[in-house]
Structures are given as structure tokens and as C-alpha cells.
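Asks: Here's the letter readout for the chains.
There are 2 protein chains.
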Amino acid sequence: MIHKLIAKIQKTQAPIVIGLDPMLSYIPEQIQKKAFAEYGETLEGAAEAIWQFNKEIVDKTWDLVPAVKPQIAMYEQFGIPGLEAYQKTIDYCHAKDLVVIGDIKRGDIGSTSAAYATGHLGKIQVGSKCYTAFNEDFATVNPYLGSDGVKPFIEVCQEENKGLFILVKTSNPSSGEFQDRLIDGRPLYEHVGEKVAQWGQEHMGDTYSYIGAVVGATYPEMGRVLRKLMPKTFILVPGYGAQGGTGKDLVHFFNPDGLGAIVNSSRGIIAAYKQEKYASFGAEHFADASRAAVEDMAADIRRALEAK
Amino acid sequence: MIHKLIAKIQKTQAPIVIGLDPMLSYIPEQIQKKAFAEYGETLEGAAEAIWQFNKEIVDKTWDLVPAVKPQIAMYEQFGIPGLEAYQKTIDYCHAKDLVVIGDIKRGDIGSTSAAYATGHLGKIQVGSKCYTAFNEDFATVNPYLGSDGVKPFIEVCQEENKGLFILVKTSNPSSGEFQDRLIDGRPLYEHVGEKVAQWGQEHMGDTYSYIGAVVGATYPEMGRVLRKLMPKTFILVPGYGAQGGTGKDLVHFFNPDGLGAIVNSSRGIIAAYKQEKYASFGAEHFADASRAAVEDMAADIRRALEAK
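Here the protein sequences line up with chains A and B, keeping their order.
No gaps in the numbering here: position 13 of the first sequence is 10 in the numbering used here, and each next residue is one more.
No gaps in the numbering here: position 270 of the second sequence is 267 in the numbering used here, and each next residue is one more.
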């Protein structure tokens, strides 16, 4: 799957992942109205609105990007109907041949991590039959529990040819509270980064590992250090756009081969029509605004990489 | 909700939470057969088996314990049908007046944590209507992202009179890989514990905070230190029984008032009939075996506390 991700990045010339993190407030009124007319102002109605919103964005952008990253929390908040919309979104993105990164940030003791890995990346046995449940291609994982919380995910990835992005340095303002604390003179995130590089050896592709890392665009200097510490690790970079990261902050996340990083933008793409810059599209053509935002983001990153 | 938890512990004289973490391999054949006859060997069939298994255990134990802790991963691995069984289990336990601790170990950047908090502990607005989704009473939370990943959970808990258990020192063998590393001469888990105590000040009950901690029974000496560091924090203690913790390991997790901790056992209770000790119940009376295991565990903890 890391090979597919790299091939698609090279084909699209856009190391971009669209964060499909819909909030009801992002969804144009015409879509909400239609969904509520059919299902009422219910969890099912909200889920239908989310699904129709996602579908239209995917329809207008799938050819420009290698991957999407649905944030499961945004679906989980609507309970079962929300998770059905999550599942539908994944299946639809697969039908469009997009790589799907499930932003699930799971992580637990061994047997429990094994269950999460099964549900999101693997196959589950029921009697004599075998099923996939959510079936993402990559999943994000929290490292706080250490190796035996991560290895069950890696084992399923080995079996299924899938991958992970493990949290190393997150994009949020207070990520330093624990992640930046010094251990033997070096911040915790570096220790975690080293572990991710080690874990990555257990599931290597040709040049990059199937086991990637998450490092926030909002911390470019740390990105530079981590890039060197984990040379074969693909880095998923959240925090571009709405969270404050810009193209020039991103260059240090890439290797000299121009690869090694994929940058997420969520709100900046899916709610682009709400920005002044794309307001002329109007709410009716929100997905065209998203397409324009993807094109602008790809150009921003290309320019920054050329100027590196 | 912390008041309800404490009142129920005092009434049952059993600081015990039953971990409803069903694996198909725990579920007696007669239940699986019946579920598969009705729904086929499908995800729906597996979910039905899990639900019937849980229901029987709850029916036979609800009067003995204050709380249950369903581990969502064990349901999530069966996709949407599995999560429907999770939801049904929560609703059923509420009907039995049990405190429900959702073992979800979520945690993310602020806006995403807010969505998880809404979905699991809060209410979600859809148009002019308001719904609960999963509606647990407590949730477990991962602290790796720091304050702004935790505070949205606390805010929802304040609104809804609910609580958290935040991972401090987990029960698994490799938990020390990051959690035990020394920062300014003290292990990371102590720094996290101090933060949990601080966060707890923001949502206090009468004697204990609504914001608790998770500390594994498998690390009793660390439990002793953390107990003193977080005097007003209720500690959820996993790792009893199958993971190796015993009654005498637990005493240091309790305060002199005999409160301050609640001990989880999953496999040791729900799959008790598979142990030699309870084998005479047979698979048919598996839930009676669970009841006996709860009674034995409560007695083990009481003895250990009396001998303290």
C-alpha cells in the first residue's frame, strides 16, 4: 500500500491528502435540507448530509490527489448512523481508487490493539466465514502504550499489505506538554520517532516503510530533525492551512528525493467555499471550491519544494 | 456520576468493574449457534452472539457490582453490527442502573476530541433537535496530546455530570517504554499523573474528582506512588486476574477511606467458566460462573483491604 501511495503521489504530483472531517456547519444548507427532508432532523439525517457532502467533494477531487483521510471522530459523534457514513465514505473512496487513511488514533494493550487492527485494517473470522469491517488502507495509531500496543497493528499490516502512521509530534498547541519533555537530553518525540523508525524495519517497502509517522506542519523545525532521524519513514503532516502551516513550513518534511511526506488539509479544502478567496463559487458549487483549493495547495507545495 | 459510582461501591461493597470485552472464543457454542442460525455466519450473527452473551452476564451480575466497562475495540472489530451490540449493551446496562465506563481510549487535537466527547458523553445537535449517541457515563482518554486534547472531554463532562479515566500507567508489559522514561528525575507517568490531578480540580465532586486515572494492577509499586500524587483522583485499575494482578497488589491503589480505586476484570469474569476453578458450571451456565467469579474477586479484594 505504501507503493500505491507513492505511485499515486508521483502521478498526481500532489503529496496531498484531503481530510474528510465534515462538521454539520461546513455542509451547505441545500444538502442539509434535502437530507433532513428525507430522514428528518435525526442522526440518520445528519449522516446522510455528511455522506452526500463527502461524495460530492470526492467526485470533484479524486483525480487530483492520492489519498483521503476521514477523521472517524467526526462520524462517531453521530453514533451508529455516523459510522455508517464513515463506512460508505471509505467504500466510495476505494471505488475511486483513492488510498484511504483512517484517522482513528487507536492504541491499547496487545489484545485490544489486535482487535482494532482487525476491525480497521484486517479480516475478522466469524465461524467459517471471513469479513472485512471498516477496511481502511492505513490507520493512525497512538504510541503511548509502547511496542506491545503497536505490534499487533504491524502484524495485521504485514498480512494485509497495509500501513500505519504513528503519532510522533502532533500539530496541536499543547502537544509539547508531554511530547517535548527531555529524556536523556532529547525530547520524548525524538525517542518515539526512533521507535517508529525501528518498528518500520519490520515492514519495509522498497524505499519507504509501510509504518509511517505523524508530525504536525505547525512544528517545522521539529519536522526537520525527525525527517533525518527517520529517513525511511513516510510522514503524514497535518496542520496545513486552517491550523497555520504553510508551504514553506513543509519543505523540511520531505527527503531530497522529493518524497517522504504527505500533507493533510481538512477544513481548508472541504470548507473552502466559506473562505473569502473561494467565496465566488458560492455554497451551491462548494465542491468546485474544494477542487480549486486542492489545486492551489498543490501549487503552493510544489513552489516551496522547488525553492528549497 | 462520580457520586453515583461511589454510592454504588459502598452499597455493593465491591469496588469492581466487569470488563465486557467479549471475544467470540469466549462465547459458548449454544449462543453462537443460535445467533448464526438466525443471522448466518455474518457480522450481524457475531454481534447478536456478543449481545446475548453480555446480556446473560449482566442479568446474573448486575446486583453485585457498581459498574461495567465495555471495551469498544472488541465490538468495533465487527464493524457497524459490532458497534450496534456495543450500543445495545450500554443501553441495557443503564436500564440495570449500572455505571458504564466506555473503554474507548480516544484522544486527539481539540476539535476532534470535542467530537469524541460529544459522541460518547455528550449531546449532538442536528438542526433543531438534540440527541445522545453512545452515551457512556465515563470514558477512558489517552493523554499523549496534552491539555488541549483532554479539556474538550472535561468540558462535556462538566455539562453532563460525567467523568473520565485518563491513562497514566497502563497495565501492559511494554508500558514502560515511554511511560517510565525519566524527565527531570521522575518518570513520565508521574508527570502525567500530576496533570491528571490538576485537570481533576476543574471538575470536583465532594471528595473525589470526576476526572480519574488508569493505573495497571500489574505495577503495584507505581500505584502506591501515584495514589499519593493524586489523592482526590479515582483510579481505574485494569490487569487483575488474567493479566497477573492479585488482591494484595491492589491495596496500595486505595486511600485510607477504603475508596479511590475500582478494579477491572474482563476475561477472569466473563470467561470464568473456562477456568478449572469454575468448570463445574459448564458452558451452559457460563453466567453463573461469572457470578461466582465476581463474588470471589470481591472477597479477595475485601480480604486484602482488611489485611492492609
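These are calculated hints, taken from the structure and not from any lab test.
Hints may be right or wrong, so weigh each one.
Which copy? The list can't say, so a pair holds if one copy fits it or any two copies do.
[Unchecked claim] Below are the PhoX-like pairs computed for lysine-lysine, each with C-alpha atoms no more than 25 Å apart in a straight line:
#1 120 / 31
#2 271 / 305
#3 120 / 85
#4 225 / 85
#5 5 / 30
#6 30 / 271
#7 148 / 8
#8 31 / 1
#9 126 / 57
#10 120 / 225
#11 30 / 120
#12 126 / 30
Asks: Taking the hints in turn, state whether each one holds.
Replies: Each hint tested on the structure:
1. 120 / 31: between (36 Å within a copy, 23 Å between copies)
2. 271 / 305: neither (31 Å within a copy, 63 Å between copies)
3. 120 / 85: both (18 Å within a copy, 24 Å between copies)
4. 225 / 85: Intra 38 Å, inter 48 Å, cutoff 25 Å: neither.
5. 5 / 30: neither (36 Å within a copy, 45 Å between copies)
6. 30 / 271: within (18 Å within a copy, 54 Å between copies)
7. 148 / 8: Answer is neither; intra-copy 32 Å and inter-copy 41 Å both fail.
8. 31 / 1: Cα proximity of residue 31 and residue 1: none, with 37 Å in one copy and 43 Å across.
9. 126 / 57: Classified as neither: same-chain Cα gap 37 Å, cross-chain 31 Å, threshold 25 Å.
10. 120 / 225: neither (35 Å within a copy, 44 Å between copies)
11. 30 / 120: between (38 Å within a copy, 21 Å between copies)
12. 126 / 30: The answer is between: 14 Å across copies meets 25 Å, while 41 Å in one copy does not.
When each numbered hint is compared with the structure, violations occur for hints 2, 4, 5, 7, 8, 9 and 10.
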